[in-house]
Amino acid sequence: DVKVTQSSRYLVKRTGEKVFLECVQDMDHENMFWYRQDPGLGLRLIYFSYDVKMKEKGDIPEGYSVSREKKERFSLILESASTNQTSMYLCASSPASSVSPLHFGNGTRLTVT
Amino acid sequence: GQQVMQIPQYQHVQEGEDFTTYCNSSTTLSNIQWYKQRPGGHPVFLIQLVKSGEVKKQKRLTFQFGEAKKNSSLHITATQTTDVGTYFCAGPGDATNKLIFGTGTLLAVQP
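So the protein lines, in turn, are chains X and G. In case it helps, this note's numbering puts the first sequence at residues 9 to 121. In case it helps, this note's numbering puts the second sequence at residues 943 to 1053.
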């Protein structure tokens, strides 16, 4: 069974801190995604990657960057955390096909104070 | 940009009542996927529809893809407390491998 693991379930950071959210998948999937989930707004795509060292902006990339140095790992970076980045962050992966379903991690609830 | 909207945002039903959520895209979709997220959990894939007018069933759940491939619906017959959660539709975005999620419908079921 596909496993997508996010390094932290809960995280509390201060405004201005640099924050790293890590995601690892064990199924050799080409595609990896970072979404944030907020009440009433659904899941919004921040960044995605379809190959090692490749990245594409999603719908809300501002304030975020990503890194994919290895196929199994996709990191989301908040260069200088702000309170409006308090949210649930969900990582997902899928095989190369554009019609493949996503497999999600358990999520990281980030609070920026 | 492309948008995928769902209605209603929230629905509260008595156990045994039926429930329907509707998904509407601003653009034609090559396929549509449905996910369920239990409270405190993560979205889990339910089903994918590809053909215009397609209807698929999973026990008490019926999924439909519109003829114009711009809308979809999920209908649950005789809801149970295990159906509680948020239901999302999702369709391919303008870029390859990009999936755009709807705003979700939160279903509450009162026993």
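The set of hints was computed from the structure by calculation and includes no laboratory data. You may find that some hints are simply not true.
Cut-off 30 Å, straight-line C-alpha distance, at most; resulting in silico cross-link-like pairs (DSS-like, lysine-lysine) [stated by the list, open to error]:
| hint | chain 1 | residue 1 | chain 2 | residue 2 |
| --- | --- | --- | --- | --- |
| 1 | G | 1012 | X | 63 |
| 2 | X | 79 | G | 978 |
| 3 | X | 26 | G | 1001 |
| 4 | X | 26 | G | 1012 |
| 5 | X | 65 | G | 1012 |
| 6 | G | 1012 | X | 61 |
| 7 | X | 63 | G | 998 |
| 8 | G | 1001 | X | 65 |
| 9 | G | 999 | X | 26 |
| 10 | X | 63 | G | 999 |
| 11 | X | 65 | G | 999 |
| 12 | G | 998 | X | 65 |
| 13 | X | 79 | G | 1040 |
| 14 | X | 63 | G | 1001 |
| 15 | X | 78 | X | 61 |
Calculated from the model, a selection of chain X residues having no Cβ within reach of chain G, i.e. all distances over 12 Å [what the hints assert, rightly or not]:
| hint | residue |
| --- | --- |
| 16 | 21 |
| 17 | 51 |
| 18 | 60 |
| 19 | 81 |
| 20 | 85 |
| 21 | 93 |
| 22 | 119 |
Where a beta carbon is used, it is the ideal one built from N, C-alpha and C, also for glycine.
Within a Cα-Cα threshold of 30 Å, do residue 65(X) and residue 999(G) meet the stated pairing? violated (35 Å)
Mind checking the alpha carbons of residue 63(X) and residue 998(G) for me, to see if they're no more than 30 Å apart? Given that 30 Å is the threshold and the Cα spacing comes to 35 Å, the pair is violated.
Beyond 12 Å from every chain G Cβ - status for residue 81(X): holds (18 Å)
Taking the closest pair, is the beta carbon of residue 85(X) still more than 12 Å from chain G? holds (20 Å)
Run the distance test for residue 79(X) versus residue 1040(G): straight-line Cα separation, threshold 30 Å. Holds, because 17 Å separates the two Cα atoms, which is no more than 30 Å.
Is the Cα-Cα distance between residue 78(X) and residue 61(X) 30 Å or less? Holds, at about 8 Å.
Next pair to validate is residue 26(X) with residue 1012(G); report whether the Cα-Cα distance is within 30 Å. Roughly 40 Å separates the two Cα atoms, so the pair is violated.
Is residue 63(X) within 30 Å of residue 999(G), Cα to Cα? violated (36 Å)
Would you check the hint for residue 999(G) and residue 26(X), treating anything up to 30 Å between C-alpha atoms as holding? Outside the cut-off at roughly 46 Å; violated.
Find the nearest Cβ of chain G to the Cβ of residue 21(X) and say whether that gap is larger than 12 Å. About 21 Å separates residue 21(X) from the closest Cβ of chain G, which puts it past 12 Å; holds.
Please work out if residue 1012(G) and residue 63(X) have their alpha carbons no farther apart than 30 Å. holds (28 Å)
Least C-beta distance between residue 51(X) and chain G, which was stated to exceed 12 Å: About 4 Å separates residue 51(X) from the closest Cβ of chain G, which leaves it inside 12 Å; violated.
This entry does not satisfy hints 3, 4, 6, 7, 8, 9, 10, 11, 12, 14, 17, going by the numbered hints stated previously.
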